[in-house]
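Participant: The residues making up each chain are set out below.
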Amino acid sequence: AQTVTQSQPEMSVQEAETVTLSCTYDTSESDYYLFWYKQPPSRQMILVIRQEAYKQQNATENRFSVNFQKAAKSFSLKISDSQLGDAAMYFCAYGGNKLVFGAGTILRVKS
Amino acid sequence: GAVVSQHPSWVICKSGTSVKIECRSLDFQATTMFWYRQFPKQSLMLMATSNEGSKATYEQGVEKDKFLINHASLTLSTLTVTSAHPEDSSFYICSAGPPSGGLTDTQYFGPGTRLTVL
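Quick mapping for you: the protein sequence lines, in order, are chains Z and H.
Take the first sequence: its letters are residues 14 to 124, numbered as in this note's numbering.
Take the second sequence: its letters are residues 55 to 172, numbered as in this note's numbering.
With the rest of the complex left out, here is chain H (with noise of 0.2 angstroms):
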């Protein structure tokens, strides 16, 4: 139980182009999802808390026009980059959770999405 998917896995794009990242929760209903980013050999920081039905909240110096958040259903969370740049270039990671009855402020990882901007 509790599993969490991302789409795509791995994704290029030229550079200026705007790039959607999917984020699923397979088994459960997830009120609010998690986007975070990770750099190579650091730790994952978090972009935005995604509620669903209502506006994300984005940490302090993460440009909201730039990744757009939008969590429409219970179960779909999406990561847009607008007009990306090689410096987005990065993986992205989203969570979910927890799941009704689980683990509480348990989150749940999906696989990331490997980003690159040419």
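In isolation and in its complexed conformation, chain Z is listed as follows (with noise of 0.2 angstroms):
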């Protein structure tokens, strides 16, 4: 069975400034996706990003960039220049028909 471990319970960032979540994962497939959902204090999941295994190139959405390792299973999500507005909870997932996710990340955002 596919695990997603997030070993970051909490982390905080100064407005402005770069910070990066971790995630790693376990798995014996070889096509998969993975994802990066937030979740601010609404509680509706939001899709950040989106990596798909087979791509060597990292996804990037904006501000939002990943680092994906996939022999070291790993991939982490770079925030840049953070907004107070990316406070929220983040979760990493593995994909594939159905999803798994880590146990979740809070972001501070500090002014």
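If you are wondering where the hints come from, they were derived from the structure by calculation, not from laboratory data.
This one's a predicted model, so the numbers in the text were calculated from it and none came from an experiment.
One or more of the hints may lead you astray.
A short, non-exhaustive set of chain Z residues, derived as facing chain H with CB atoms under 7 angstroms [what the hints assert, rightly or not]:
hint	residue
1	53
2	56
3	58
4	108
5	116
Here a beta-carbon is modelled for each residue, glycine too, at the ideal position from N, C-alpha and C.
Hints given; two lone chains; assemble the complex.
Facilitator: Set out below in structure tokens:
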């Protein structure tokens, strides 16, 4: 069975600074997808970024980028120029026919 | 695009009653929908996978007779919590997707339903 581990329960970042959230996963599959979802206080799950495992190029969405290391089974999220609106719970997820979520990382943004 | 709604957003009920939660894909057809449960400050736990026109597939440990799932159309799935008890109080989230032509294996989430059982 696939597992997803987020080892940072909480992280803090100063506004306009950069922060990296860690995620590792375990799978025996070779073709899969990885996701980062954001859950703000409203609790609406929002897709932040998606990575296809067969693509070596790291995905990027504006201020959000990932460092995908397939051999190491690592999938970290980098948030550049952090904004107050980035404060939320961030979940890393492994996707096959269903999603497996990590425990989440609470990100606090200081002004 | 890819908007998913849930109704109600918050429901309070008495112990022993049943509660129905609706999940709708508003601008796309969803062959598959998923139901999750989330306790405060915890991750999402998949309860079941709902397939249009067939029986839902429940995760291990989830009581299928307590959590009835019906996926009657390509835009609507319902979760009914039968004979609810205080321990069923939780935040229930549905997801759907991907829409046709959309990102493979990507799920889009509803806003969630907070259930409180007194």
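Participant: Does the structure break any of the earlier hints, and which numbers would those be?
Facilitator: 1
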